[in-house]
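Could you put together the complete structure from these sequences and hints?
4 protein chains.
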Amino acid sequence: MAKIGFIGLGNMGGPMAANLIKAGHQVTVFDLSEVALNTLSQLGAHVAQDISQCAINQDITISMLPAGKHVKSVYLGETGLINHLPKASLVIDCSTIDAATAKAVGSELSAAGICFVDAPVSGGVAGATNGTLTFIVGGSADDFERAQVILADMGKNIFHAGETGAGQVAKICNNMLLSILMAGTSEALQMGIDNGLDPKVLSEIMLQSSGRNWTLELYNPCPDVLPNVPSSNNYQGGFMVDLMAKDLGLAIEAAVQSQSATPMGSLAKNMYNLMQNQGMGGQDFSAIFKLFSKQG
Amino acid sequence: MAKIGFIGLGNMGGPMAANLIKAGHQVTVFDLSEVALNTLSQLGAHVAQDISQCAINQDITISMLPAGKHVKSVYLGETGLINHLPKASLVIDCSTIDAATAKAVGSELSAAGICFVDAPVSGGVAGATNGTLTFIVGGSADDFERAQVILADMGKNIFHAGETGAGQVAKICNNMLLSILMAGTSEALQMGIDNGLDPKVLSEIMLQSSGRNWTLELYNPCPDVLPNVPSSNNYQGGFMVDLMAKDLGLAIEAAVQSQSATPMGSLAKNMYNLMQNQGMGGQDFSAIFKLFSKQG
Amino acid sequence: MAKIGFIGLGNMGGPMAANLIKAGHQVTVFDLSEVALNTLSQLGAHVAQDISQCAINQDITISMLPAGKHVKSVYLGETGLINHLPKASLVIDCSTIDAATAKAVGSELSAAGICFVDAPVSGGVAGATNGTLTFIVGGSADDFERAQVILADMGKNIFHAGETGAGQVAKICNNMLLSILMAGTSEALQMGIDNGLDPKVLSEIMLQSSGRNWTLELYNPCPDVLPNVPSSNNYQGGFMVDLMAKDLGLAIEAAVQSQSATPMGSLAKNMYNLMQNQGMGGQDFSAIFKLFSKQG
Amino acid sequence: MAKIGFIGLGNMGGPMAANLIKAGHQVTVFDLSEVALNTLSQLGAHVAQDISQCAINQDITISMLPAGKHVKSVYLGETGLINHLPKASLVIDCSTIDAATAKAVGSELSAAGICFVDAPVSGGVAGATNGTLTFIVGGSADDFERAQVILADMGKNIFHAGETGAGQVAKICNNMLLSILMAGTSEALQMGIDNGLDPKVLSEIMLQSSGRNWTLELYNPCPDVLPNVPSSNNYQGGFMVDLMAKDLGLAIEAAVQSQSATPMGSLAKNMYNLMQNQGMGGQDFSAIFKLFSKQG
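From first to last, the protein sequence lines stand for chains A, B, C and D.
Everything in the first sequence is counted per full-length UniProt numbering, starting at 1 for the first residue and increasing by one.
Everything in the second sequence is counted per full-length UniProt numbering, starting at 1 for the first residue and increasing by one.
Everything in the third sequence is counted per full-length UniProt numbering, starting at 1 for the first residue and increasing by one.
Everything in the fourth sequence is counted per full-length UniProt numbering, starting at 1 for the first residue and increasing by one.
Below, a list of computed lysine to any residue pairs in the SDA-like style, where the Cα atoms sit at most 25 Å apart:
no.: 1; chain 1: B; residue 1: Lys69; chain 2: C; residue 2: Gln257
no.: 2; chain 1: D; residue 1: Lys200; chain 2: C; residue 2: Glu145
no.: 3; chain 1: D; residue 1: Lys200; chain 2: C; residue 2: Ala152
no.: 4; chain 1: B; residue 1: Lys294; chain 2: B; residue 2: Gly281
Keep in mind that the hints were calculated from the coordinates and are not lab data.
Structure below.
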């Protein structure tokens, strides 16, 4: 079992840290929220008095933070953990951030003799709680192997995408594609409805044809086609529009940097912005179906 | 076994008629091409001296024609088969045409006491030859059951989409969605490549994640990720850009008629037009990947 | 002065016919609405007992109808005016319809010795009332000259776009471009606002720079930048979203027929459909600005 | 007359500095290129031995650099000009960079008692040479007035867009809109051509109608409609695709930061990327017309 420092106990980080404790690791946690710290403390975590205790004497330090600037600030700079992390310890950053920042942090830590992988997750709060998250990891083969053992206590599928930063790239490629699948499936279903088809019948046909995709299989955006999905629950729960818009923002920024043409992903990004403009940011991302449906 | 008239012996119609003969039906064929007629004759077809012989005394008449105007002209009007088809015989139109024409033809035939289903196919020349086509059928439940028996001799999956015209609608919804999957998968893969990822690794990750879709599974547009797909064969074979552009044209016209918003499908349609402008109309539709790749 | 039959006395046709009467022409009118007929009668029009009286003994027949099917039905077929129009009389169809129907009607009339121009208008109800409409005319040079004299009594700018049907084509090209200018100007202004700029200042800068366009000059979509435009009047009046969506539908159908790539126009068309879905069909088309603005 | 330091003597910066010398200012220049320095030296510039001489004892320092990182590096940091610029001197950065960097540099300089405006230009090499550039300026009213006097020696139109950074924002809003006008005008013209219209006639009609915009007036993308524009010269000269793609990249990044929806601008950005993929980066940006034209 490992000695692990865990930074960031939000909706995702909290249950992830809990699963590490459950797996028998010795976990030291840090967060700005007293409530979050208390919750983890009751589950058996050591509460760090200072963020540096998540680095000092730890085998592994894991972070789950909102944006690239937080990750940079936690690890680098004068007061950063780079000054406290033991040589050869491993940092696993599970935040979803831009690949450029992931590479920069990885490179500076590496120069200081510290190992680093970026390991953004998917699977949502339910996945974090049930320990069924997917991790997409960027880093060397050795660091990946070392991270994999720990990540397996929090998730089910653990992919090695390539070198440092590759985890972030693969995740935004996947999520950009997901947004395209969701938008495309929504408009195809609504066009069928507008022309007299039953969306259940059309969904079934496309699922067995070349229109098959993850959203048709598991996350149909049209209400009452599938049970137990957000569209059948008034678009509550699931993966929020605001979070999809954030990931699409990261994707589009990466595309600008690499001069990649991403017309479909850009269009999806803008439709999610239109939804935010209409106050739909807190609904599940399958609510894009409502843009296409004829209301009233 | 049935007495079947078959009109239209092109790349698709020819092998479809051949499979009906092979299944033991008594098939009378018509086409403007002598070569096509000879081929089918050698396989055992009766060659109609006149198109009306594909209707007179037949149980079933099947047509496989390029566009709505041909279907209209064959069945309706002064010299149309409507004047020759026996009462209660069944017309199966396998052409991919606009739903409005399918409905109009079905409605006039029905008024004359003749049964009708629209049954557009997918699966390409290989599916036609091997008898593994997919048929998406629109018509009454009774007519569907009657058609299903015959279609089973030419295909594997036979779906009942709804009333007359619904086959055409479901097919264009599916193919519009397919074009979106193909375009979206292509740009996601290329963005990964532009940011240092291996397309095989990225494909594998997305296939096991929420980016999963039919094109990633069976028709990866990036060369050399999957064997035996058009992208690994210089984009030869498969489903041509010109045919996808035709289907997208039908989809967009339907969307205009039903005032449906189809932003992703419209964008895909326009990208396929851009490819036609560049002389890529004869390549497989997965060649949209080349729009995104950085050449030279 | 000419003897003119006028068919279709709606919001546009009514004031157009009134201007012909005012100019001294002898005008015979037909419509299905008794109210519309009475209004024109009081202004001096002869009321036709039957639509054929708008053709018999007239020099010129003008029509202003909602869609291609109405135009086809009025002129062609067994009971159509083609059987009543004097040889060498001139038909001016001012309806905005698809170019294919305009060409078909023109061609059949021409074969019967009757002259035809398509002359769709822009300028709205205000232009119709004030006699300041723009006409975009398709037809032979001779027919154009003959039409121009009459059109000058209802409008200010009269363009000769080319052969029969060219008036319709030029109008939808212009209106498609207009929708692009409106959408593009709206999103550019809102992006400026989102980044701290004053929309009046930004409008002024772009108006004097390479962003200059008709909407910035005369029809700014951002409230309170220009006085006396719909955006400064809660998006009331002007050119309705539903009408723009109709014109964009005609444009996109034409693009499908000619296999033209129109990615920007297609996107604009779909955004106007999104607005219709949200119940904004009756607002001025500059209300597309509201899609981009951050409400609440 | 002022003492001016000028940094960056490329295609734009060189002739701009020359115009300042011509106007009688005492200009000290710096660049990494010996050739550029020699050219300016022969025109009367002092050649700085070290970049700091462009700051020390100067009234005004002007920079014209490729990207935000160069601007940041020149002014800030340990070896930056912030250590050499006299109190109350004025920095005018004419580079086109992201607004965030402009604000950051302005803010740090301001804290050190140095005045700053961002003043990106448009008008191209011809405008730089002829002293007819347009400057869009962000900064305080006082700093704007002070900058205006100097900028008037290099340009004709000088706009005050708002506070620091506003010059950059207004420029990318304008250029994003310009790209939309160019793409939209191109596809509208080609659709007219595809439907039988003469592009000169269609251009003339739209120019007098609601499709009017800067590109139709001065920069028609269809060959041989206007003389002396890049489209009539094989798309040589003018404003390169690569530069438009760069500006659109800045626009889209700003839109991501401000969560602005920019569907039309995003689509234009991606079409310019497609052109770069096809090796058209060095052609004039009106070459987007070629994407739509039917070749061969």
